[in-house]
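All chains, full assembly: derive it from the sequences and hints.
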Amino acid sequence: MTQPLDLQSVTARYGTTKVLEDLSLAVGAGELVSLLGASGCGKTTTLRLIAGFLAPTSGAIRLGGRDLTRLPAYRRNIGLVFQNYALFPHLSVRGNVGFGLKQRGVPTAERERRVRAMLDRVGLGEYADRLPAALSGGQRQRVALARALVIEPPLLMFDEPLSNLDAKLRVDMRVEIRQLQRSNGTTSVYVTHDQEEAFSISDRVAIMHAGRVMQFDRPETLYRRPANVFVARFVGFENIVPMRVTAREGASIQAEVAGIALALTEEAMGPVPDRFLLGARPEGLLATPVAATGIPATIGIRTYLGRAYQYRCDTPAGPLVANGPLSQPLDPGTQAWLVPVPDQCCVLSPERTP
Amino acid sequence: MTPRLNPAVVAVAVLVYLFLVGPLVIILGASLSDTTYLTFPPQGLSLRWFENIFEISAFRRTIVTSFQVAFLATMLALVIGVPAAYALSRYRVQLPPWLGTLFVLPIIVPEIVFGFALLKSVAAGAGAPIFVALLAGHTVLVLPYVVRVIGASLSSFDFSIEEAAVSLGSPPMKTFFTIVLPNVRAGVIAAFILAFITSLNDVSVSLFLTGPGISTLPIQILAHVEQFFDPTVASVSVLLMVLTVGFMAIVERTLGLTFLAK
Chain A
1 MTQPLDLQSV TARYGTTKVL EDLSLAVGAG ELVSLLGASG CGKTTTLRLI
51 AGFLAPTSGA IRLGGRDLTR LPAYRRNIGL VFQNYALFPH LSVRGNVGFG
101 LKQRGVPTAE RERRVRAMLD RVGLGEYADR LPAALSGGQR QRVALARALV
151 IEPPLLMFDE PLSNLDAKLR VDMRVEIRQL QRSNGTTSVY VTHDQEEAFS
201 ISDRVAIMHA GRVMQFDRPE TLYRRPANVF VARFVGFENI VPMRVTAREG
251 ASIQAEVAGI ALALTEEAMG PVPDRFLLGA RPEGLLATPV AATGIPATIG
301 IRTYLGRAYQ YRCDTPAGPL VANGPLSQPL DPGTQAWLVP VPDQCCVLSP
351 ERTP
Chain B
1 MTPRLNPAVV AVAVLVYLFL VGPLVIILGA SLSDTTYLTF PPQGLSLRWF
51 ENIFEISAFR RTIVTSFQVA FLATMLALVI GVPAAYALSR YRVQLPPWLG
101 TLFVLPIIVP EIVFGFALLK SVAAGAGAPI FVALLAGHTV LVLPYVVRVI
151 GASLSSFDFS IEEAAVSLGS PPMKTFFTIV LPNVRAGVIA AFILAFITSL
201 NDVSVSLFLT GPGISTLPIQ ILAHVEQFFD PTVASVSVLL MVLTVGFMAI
251 VERTLGLTFL AK
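As given, the protein sequences belong to chains A and B, one line each in that order.
Residue 50 in full-length UniProt numbering sits at position 50 of the first sequence; the count goes up by one each step and never skips.
Residue 12 in full-length UniProt numbering sits at position 12 of the second sequence; the count goes up by one each step and never skips.
It should be emphasised that the hints constitute simulated quantities derived from the structure, not laboratory data.
Every residue, glycine too, gets a C-beta built ideally from N, C-alpha and C.
All clues stand as given, with none of them false.
Computed, partial: chain A to chain B, Cβ under 8 Å:
#1 Ala51
#2 Phe53
#3 Ala73
#4 Phe82
#5 Asn84
#6 Ala86
#7 Pro89
#8 His90
#9 Gly100
#10 Gln103
#11 Arg104
#12 Ile151
As C-alpha cells, this is what we get:
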C-alpha cells in the first residue's frame, strides 16, 4: 500500500517567473516529509504539482514506480487535506467522507461500513449526519482527514492543515495526525511555514527558499548542523561570524575574528575548516560581565525572555545577540564578554553561502 | 424593551408602502370594473374584462409568445451564462479585467439603442425569422443578470472544494455538476427568476424585433392602449401578475427559494 514518492529535477515556470528550479526530492515509503519555508518559497507549488493541479515545465513525478507526471489529478489517488478543510458544504459528514469511495464505485453497504469505521477512528462517530457548517474547526479538520484517509491512498498530502486552528488545538491535532499517519504507514507530504510544527511531526524536513530545497534532513540535523547560512538563520542561528583558525591541538581550536582570539572545540561543533562562519543562537553566546576569553561587547537593549535575558550588543565583530542568566542582569551601556557555548554553535563553510 | 419609533420614520415607511402597493390595488380594482372605461374605484363587479382578454386573439397569442420567449431565453442565457460566470471567477487572475465588463454591456447600453442594433444585425442583417430574432435579443438582454447573479454567488465559493473533489477521484466535468452547481443553486434560481421577469417585462428590445404575426404581451398591451380605453389592459396586467407569481411559486416549490434568505 505505502509507496515512495520521487520528484526528479522538477522545474515549474509560469510565464517568465521560475517558481521551482530543478527540484529533486525522494520521500521514502511510509515517511512523513515536511516542506518548510516562507510564503512564496515554492512549497505549495510543489504540493500542487504532485496533486496534479499544476503541470511541471520539465522533470518527472513518480509514486511507487508509477509515473504521475502526465496523469490527470482525478486519477492520481492522492489523499489531500486542505488548509481551509474544503469540505463539501452541501453534503453531510457521512457524504463528505464517503465521496471518494463513491467515485471508486464502492458498493453502498461496504461504503457505509468503511465511512463508519473511519469516523469512529477520528472520534466523529455521532456526527455522521451533521452538515460541515454545524461543526467546530477541529471537527471539520477531522472530517477532512477522514475523507482523505478513507480512500486508503498511497500518498497523503497536507497543505498547512492546522493554520486555521487555535494554538492549543493545533498541538493536539498535529499529534493526532502523526499518530494516524504512523499507524497507517502512509507516505506523507506536509506543507507548513511553522518550523516547530514541521520539526515536531516529520521524519525529514525540506527547507525551501526561492524554489529550491536548501537542505533536506532529519529535524535534529537541521536544528544542530545546518548546511548553509540560509538554513542556519532559518533555524535560529541569529549570529553569523566569519572566523579563521589560528592553531589546532587535537580537537581544541584557536580561532580569531577581528583580532579577538576564541577557544573552540571540534567535539561539540563538528569538523572546522581553516576559514569558516561561526553560527551561534542567542543562547549560544553567553553574556558575562566577568573578563573572559570571549568577544568584548557593549550591552545595548535588554529584553526579558522568562528563562533568560537577551541583549543586543555592539562588538568588534559587528552587532550580535546574546543571552545572559537571570541572576546577573546587565545594564545597557556596560561592558561585557560574549562567550561561545560550543554545543549551541554551528560551523558553516563560507563557500556555501548562497 | 420595545424601541421607540420616530413618527416621521413611520410616516415615510407608510408612504413607501402606499406607493408600492397602491398602483397594484388600483389596477386590480379597475380590472374588476363593470364599466367600458378604466375607472377606480370600480363601478359594479364583473369578470367580463378578463373574459375579453381571451376573446382578443392577439392577447392569447402574445401571452403564449411572451412566456415561450421568456422561458427559452432564460434557459439559453443560463446555458451560456453559468459556464461564463464560472470561468470569470475561477480564472479571475488569468483573465483580462475587461472580459467581465463585456457581459454587462447589454445593461449599460440604453436598451433602445441595443434593440435597434439587434434589429440591424440579427433581424434585418441576418434575415432571421422573427421568433428567432426575438429569442436571440432576449437571450442577450437577460445574459448580464445571469452572469452577474451567478458570479456573485461564485465569488463566495471556495474553489479548493472543487480541487478536493477532483483529488478524491471525481473528473472535472462531473465535479462541476455534483459539487460546484449544488453550492450555487440559490444563485442559479435567483438568476432564473430575474432573467425571466426581465424578459417578460421587456418593451424596448421587443419593440424592434417583433413583427407581423409575432409580438409579445407588453407590446400588445401598448398597442391595445393606443386604440382602446377599456379595462382589458387592467385585467391583462392582473393576469400577468398572477401568472408570474404562480410561476415563481412553482420554481420555489421545485427548487427552493432560499436565495431570498441569503
